[in-house]
Structure formats: C-alpha cells, structure tokens
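Given the coordinates of chain A, work out where chains B, C, D, E and F should sit on it, guided by the hints.
There are 6 protein chains.
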Amino acid sequence: MNERILAKDNLVLKRLFNLDTNTYMDGALDAKTKEMLGLVASMVLRCDDCIKYHLEKCFEKGTSTDEIMEIFSVANIVGGTIVIPHTRRALEYWDELIASKNI
Amino acid sequence: MNERILAKDNLVLKRLFNLDTNTYMDGALDAKTKEMLGLVASMVLRCDDCIKYHLEKCFEKGTSTDEIMEIFSVANIVGGTIVIPHTRRALEYWDELIASKNI
Amino acid sequence: MNERILAKDNLVLKRLFNLDTNTYMDGALDAKTKEMLGLVASMVLRCDDCIKYHLEKCFEKGTSTDEIMEIFSVANIVGGTIVIPHTRRALEYWDELIASKNI
Amino acid sequence: MNERILAKDNLVLKRLFNLDTNTYMDGALDAKTKEMLGLVASMVLRCDDCIKYHLEKCFEKGTSTDEIMEIFSVANIVGGTIVIPHTRRALEYWDELIASKNI
Amino acid sequence: MNERILAKDNLVLKRLFNLDTNTYMDGALDAKTKEMLGLVASMVLRCDDCIKYHLEKCFEKGTSTDEIMEIFSVANIVGGTIVIPHTRRALEYWDELIASKNI
Amino acid sequence: MNERILAKDNLVLKRLFNLDTNTYMDGALDAKTKEMLGLVASMVLRCDDCIKYHLEKCFEKGTSTDEIMEIFSVANIVGGTIVIPHTRRALEYWDELIASKNI
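Chains as they are written, first to last, in our numbering: chain A, 45 to 147; chain B, 45 to 147; chain C, 45 to 147; chain D, 45 to 147; chain E, 45 to 147; chain F, 45 to 147.
Worth flagging that the hints you see were computed from the coordinates, not collected in a lab. It is possible that part of the hints are untrue.
The list treats identical chains as one, so a pair stands whether inside a single copy or across any two.
[To be verified] Under the rule of at most 30 Å between Cα atoms (straight-line distance), these lysine-lysine pairs were calculated in the DSSO-like manner: (1) K105 with K52; (2) K58 with K145; (3) K101 with K76; (4) K101 with K145.
With the rest of the complex left out, here is chain A:
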C-alpha cells in the first residue's frame, strides 16, 4: 500500500517516507537501539501496524525476547493499562516471528 501512496506523487509524503527510513539508520545510536525506541513510541501511541513493523526490525537486529519484554514493561508503565491489549497482540506477533525462525 505504501507504493500506492507513493504513486500519487505527493512530494511531502515521499520525502517523509524517505526521512522515516533514514531515522533508524546506525548513528550515535545503533540501529537496534533506534528500532527499540521506535517500538516503545509506537506502543504508547497504540499503533498496532507500527508496532508490528518495529517488532520485525527488532527481530532482524537480534533483539532477545527478554529485551522485548522489558520494552513492553516500559510502554505499559508509561502508557498505562490501555497499552495491555496492544501488548497482547505484540507478543503474539513476536512469538510468530520467533517461531518462523525455528522452521
């Protein structure tokens, strides 16, 4: 679907998408840490699609399940119990990612 947005050729959206990619590249902080930042931000803002995206990236960068659970705990403490339903779905997706690796 991002292709469909890009196909409309809106310059602001194209550049924002580009910038989004640059944001998570290795810098003073490594890409893994930045993806963890993106994950916790997505959780407290309760955006399931964004959470999935950053979970995939965290998985690629070698984040462990214990680390993920600690990110979940920060998100739930800062954002409150309204984050719980998103945490459930996030863990379900994380478990799928782990399972996919073991196939």
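Chains B, C, D, E and F only, in chain A's frame:
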C-alpha cells in the same frame, strides 16, 4: 509533591510509584537504554515533566548529546511536528544539564 | 493472551496486572463506581478492548442501561465525536450482554 | 448503529449528533472546506471510521485527489508516521470512492 | 474567557457549551458521580484546566479526599505514569479547596 | 529556539523542519486552506504553541474572525470539551493579532 501524594496513603498509587522505579533498573536492557526508552515515550506523549525527569536520568547514565538528538529525531518522526515545541524545551533543559556539569 | 504475557515472567508486567485488579476493588468508592470510572476513561482513550472489559464488569455490578448511556454521554462530550464509533461498538456489546442475561 | 444509540433516547447524545451535523454546514467557510477540516482532524486523531465518513463527504463536495493528498500530507507532518497506516487505509477507501463514480 | 468565546456568537460553540452543562446534571446517575466521571476522563486526557474544573465540582458535591485519591488511582492505572505530573497538580489544587473550606 | 535545535546539526530534524515549511505552500490547495488544516489539527492534538503558530499564519493569509470561529467549532466538536481551554487561549491570541493590526 510526590511525597504529598504518598502521604495520602493510597495503596495503588504507592505501588505504582514503586513499580515505576523498578521499571528502569538494569535487566536484560541496561538502565541507560531504558531511560532512553522512557524519554522517547514521554516525548511522543508530550509530557514535559516526564521528559525532564528522563533527561536527568539519561544525563546521569552518560548519554551523549548526539545520542539525545537521535532520540529527539525518532520522537519527532514518529509523533510529528506537534512534538517540536516539546523538543525545544527538552533541548533547552539538556543544555542546562550539560552546563551544570561544566561549572 | 494475558496468560501468555504472564508466562514470560516479567516482574513489572506481573505486578502491573496485579495492581490493575486491586484498583477496582471496593474502597472509599464501591466497585461499581470504579468500573464506571474505568469505562469512561477507556472510552475517551478509545480502547475498544478496555471498553468491553469494563462493560462486562459494569454489567456484573448491576449498572442499568440508562446509567451506561449517561456514561457514554460524558465520554462523548469530553472526548468529542471521535468517540462515536467506539460508542456504537460499546452499545452493540452492551446489548449483547443484556440479551445474554435474558436467555 | 447511530439509530440504535438514538433509540436509547439520551438527550445529550441526541443533541451532540445534531450539533455534529450542523458543524459542517455552509457558513463563513463552505461545507467542502469544513469537511476537509473534519478529515484532517480525524486523521491526526487516528479514527478510521471518522476518516471514512469525512472522505465520503469530501468526495460528495467535489474534492480532487490532489487536494486529498495534500490533506494527507498535512496530517502526516503534524501527526507523524503513526498516521501512515491510517493514510494507507484512507487512500484505499478514496480510490474505491473514485472507482465507484466511474462505473 | 468563555464569555469572550460566547460573544463571538458561533452557534455550534454556544450549543456545545450548553450541552456540556446539561451532561453533568442529575439523571440516572447523580451529579456527584458524573463529576467524578468528568474528572477521571480529564485526567487520562491530561487537561489541567478540565481537571481543576471537575475538582471544584466534585468538592461542591461533597466528594471526600479518599474518594478523590481512588479516582486518581484509576486515572494513573489506566493512563500510566504520564498522568503523575497532572495528579501532583490536581492534589495541590484539591488541598487548596479543602483548606479554603476550613477558613 | 529552533535555531538551537538546527545548530545541533541532526540531519533528520533539519529535513523534517524543512519539510514542515514545504507542507503549507500553495499547491492543489492554497496556503490559506492548508494553514486552516494545520490549525484544526493542532487544536484537536491540543498543542498551544502549534495553535499560535498557525493562527499567525492564518492571520497573514487573511482569514476572517468568523472563519476562525468555524475552525474552532470543528475542533471542539471533533475533539470534545477538552479542547475548550485551548480554544480560550487561541481566541485570546487571535484577538491580540487583530488588535495589533489596528494600531
């Protein structure tokens, strides 16, 4: 003021405050990383007092200014330009923290 | 799914879940009033799963449909028309709860 | 479903629904502009049902695809990348509205 | 300042203000309960001015400090630690209201 | 203060600020309409600094007080009564802008 809340002896609030402290302790992720997670979460939720608190903790844990700027960039990309005014105040406070160290 | 989260044995999340349960127990305010508070908070924060949870609890505690509608009205006035779609789903679920009792 | 809410005869909700309709009528600003305002507000607040509603109204009022894309760009800049998933679904729905006209 | 808004004679805003007043009147739920609902909603949405307004109303309706603390605990559990700074200011204001009564 | 952020030379933030400026330029929608979109988005997200910024821009682009009041009404209906305190401050600032012109 937290003492004033605690003085009212509400068990739920007392335990939540306690839990809040535990959340940012060294674990699978070190305390510095967790404070960075707390900072980015506070920024996208636009809570100036929370931002200040986590900036202090990040400062204590030895976060560099370049690292702080990259946390700010994640917060602004995920949360949008409404995060800019909070970023301004955050940077102003960070600069004060840095200046205080050099005295 | 909460069991799956608990199985990961993250202390902060376990305690938060525990605290969540304690929050809604009889105290200076009775459990019914607290569930109504939990419901209106979930509505303005627009968390459908949380709304369903508190509707069930309100139902168990004997909240009437007229009382539920007044909670909905507070949520919609405070939170605005973006709460309407959640109100629709909430009423649909409430009607199911009422219907289930009459079987 | 709005009928089901209205059937419960809660005066506050009835009047709010009424007021909601009045808000978008021609005035100092024309109805098309107001629907665009309703759309951008719904996007930054990330309410998919509200977005669909205002897309339909924008479509009826003759908003062009280029105009819609610029509303999307404002929403994504102000609200950040968490608006992207809603933008994807919004564009998909908009394309359906356009396609329906061409049948 | 509300007078200044009303003086501009915008029909939608006038009616919304009117409706706002009606929302908290005795009905299936009494006014005290409704003000508590308004308070918890304002807390999780983190609107200090709204919190003050509902604290005043809760005070007028005879809410006790223990009841207020339990409303605060629901707000902090549902909304997370970002509600803490607002809770501090709310308690400070509540203590002023209590003190003003004892003069 | 934006200069202070820019001085830190973070590429993502620099580009985002740049993009922000481009977003409100004349396009399929004229700059005045886009500033009105930015204003209503800032209001429902309750960012006072952002509201002031877009009020200034709306003022420069020749928006009338009646038009402003209708933007306020959309913001309050969509975002609810928690937008009222921001509306008060917005109107106060708007009146100052109008007064400054008449000197």
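30 Å Cα threshold - placement of K145 relative to K58: Classified as between; 28 Å across copies, 33 Å inside a copy.
Copy assignment of K101 with K76, given that the CA separation must stay at most 30 Å: both (8 Å within a copy, 21 Å between copies)
Homo-oligomer pair classification [K145, K101; C-alpha up to 30 Å]: within (14 Å within a copy, 36 Å between copies)
30 Å Cα threshold - placement of K52 relative to K105: between (32 Å within a copy, 21 Å between copies)
Against the hints set out earlier in the document, no violation occurs for any number.
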